[in-house]
Structure formats: structure tokens, C-alpha cells
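Enquirer: Here is how the chains run, residue by residue.
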Amino acid sequence: IAGITQAPTSQILAAGRRMTLRCTQDMRHNAMYWYRQDLGLGLRLIHYSNTAGTTGKGEVPDGYSVSRANTDDFPLTLASAVPSQTSVYFCASSPTSAWADEQFFGPGTRLTVL
Amino acid sequence: GQQVMQIPQYQHVQEGEDFTTYCNSSTTLSNIQWYKQRPGGHPVFLIQLVKSGEVKKQKRLTFQFGEAKKNSSLHITATQTTDVGTYFCAGAMDSNYQLIWGAGTKLIIKP
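The listed protein sequences correspond, in order, to chains A and B.
For the first sequence, the numbering used here gives the first residue as 1, with consecutive numbering after it.
For the second sequence, the numbering used here gives the first residue as 1, with consecutive numbering after it.
Only chain A is shown next, with the shape it has when bound in the complex (with noise of 0.2 Å):
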């Protein structure tokens, strides 16, 4: 692995099932990121870590949990789906906190709720 890996790639999801995006990274960075992208609103951060054991609420954190159980990896969980949660999303990383750092992203998860 080299960088962020993200898993799926994409996913078709009935409204009310509950899923988990996947993140891992290799870089041993202290920071990680959640950004959803809608069209025309460009990221929004959901969730962030600042480092494993803590975690911290961005701009739209509802509906959407997360965990830092270790430095690399940080999954999303929908605890259960809505199509308004119809988004790409971006795992990112930094070596601290993000405003002092340059951020490293992942490809993303194409998500559908349907």
C-alpha cells in the first residue's frame, strides 16, 4: 500500500441499511479526514481525527459516526442510510492537524442511496 487506500469504490445502497466505508493509510499520519463532495458545494468535512483515540465533528456530522482505534486506519459508518447521503467520499490524511499541513486523499467512495 502506498498513500490512502479507500474501500468500496462504489456502492448501491437501499435507504435504511447501515454501511462502512473503509480507510487506511500507511504514512503514519497523526490526522485524518471525512469530506462528503455534492456537485456545486465542493468537500465537506463530516468527521476528523486529530489522533487515534480521538475524534472530532466537522461541518455536517449527522448521520455519519466514525472511530480511530489505531493511526491508520478510520472508517465512516451510515448507521442507516438516507438518499440525501448520495455523495462521493473522500478519505484524507495529514501528518498533524490540517491547518498546518498539506492533506493527502484517498480516491474516494461512490456512494448511492437509494
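Hints may be right or wrong, so weigh each one.
[As the list claims (entries may be wrong)] Derived, one-sided and incomplete: chain A residues facing chain B with beta-carbon distance under 10 Å:
(1) TYR33
(2) TYR35
(3) GLY40
(4) LEU43
(5) LEU45
(6) TYR48
(7) GLU59
(8) ALA92
(9) SER97
(10) ASP101
(11) GLU102
(12) PHE104
(13) PHE105
(14) PRO107
(15) GLY108
(16) LEU111
Hints in this document: simulated from the structure, not taken from any laboratory.
Each residue gets a CB set at the ideal place from its N, CA and C atoms; glycine is no exception.
Dock chain B against chain A, hints included.
Expert: Frame of chain A; chain B shown alone:
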């Protein structure tokens, strides 16, 4: 809430013409970062500006940070097909650690 406004949303240019995108914040920024996202791809970091009035160049790309640290611009000289994509600015506010992203400007090369 805190916002970073980015304009225009789209810009169509002939190959060889120049391209500029602008970002404006309602509050003073600690720094501003610029990213490029190719069609179907993910954002890739281009540069970070930190100092008031800072100007940085990368080949045909020129980045500026305003004197008041509330605005920034990216100018591309003589666009090429490889420049196609969406350019995002992302500003960091003094009051918190999170980047606030502009909505992006999509550069489209006319055929």
C-alpha cells in the same frame, strides 16, 4: 458560519488563454491552500500560502495571498489541456483547526 467564497464556478477558455480563480473569506485566514482535482479524481495539494501579500509561482501557475489575508487567487498563464480540472482553495481560520473549502472553479478547455 465561516465561509470561503470561490468564483467563478466555471470558466471556459480556449487553449492558450489565461485562467484565474478567486477566493474570498469573511474572516482573516491563518493560511490558504490550493488543490487541483482532475475529472474523476481526488484533490491533490498544489501549494500553501501563509504570509500576508505572499506570491508563489509554479511554472505557469501564480498564487497570491492578499495583504489582509482574506483573499487569494490562482492564475494560470497559457492554459494547456493538462490544466483541465477543478481548482479548490481551502482556508484555515485562526479560531479552529479545520480547513474551510471553497466550492471550486472548474476549468474547461473549449474544443
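Enquirer: Determine for every hint whether it applies to the structure shown.
Expert: Results for each hint:
no.: 1; hint: TYR33; in the structure: 9 Å, holds
no.: 2; hint: TYR35; in the structure: 8 Å, holds
no.: 3; hint: GLY40; in the structure: 6 Å, holds
no.: 4; hint: LEU43; in the structure: 4 Å, holds
no.: 5; hint: LEU45; in the structure: 6 Å, holds
no.: 6; hint: TYR48; in the structure: 7 Å, holds
no.: 7; hint: GLU59; in the structure: 8 Å, holds
no.: 8; hint: ALA92; in the structure: 8 Å, holds
no.: 9; hint: SER97; in the structure: 5 Å, holds
no.: 10; hint: ASP101; in the structure: 8 Å, holds
no.: 11; hint: GLU102; in the structure: 4 Å, holds
no.: 12; hint: PHE104; in the structure: 7 Å, holds
no.: 13; hint: PHE105; in the structure: 4 Å, holds
no.: 14; hint: PRO107; in the structure: 6 Å, holds
no.: 15; hint: GLY108; in the structure: 6 Å, holds
no.: 16; hint: LEU111; in the structure: 15 Å, violated
Checked against the numbered hints given earlier, the structure breaks only hint 16 and satisfies all the rest.
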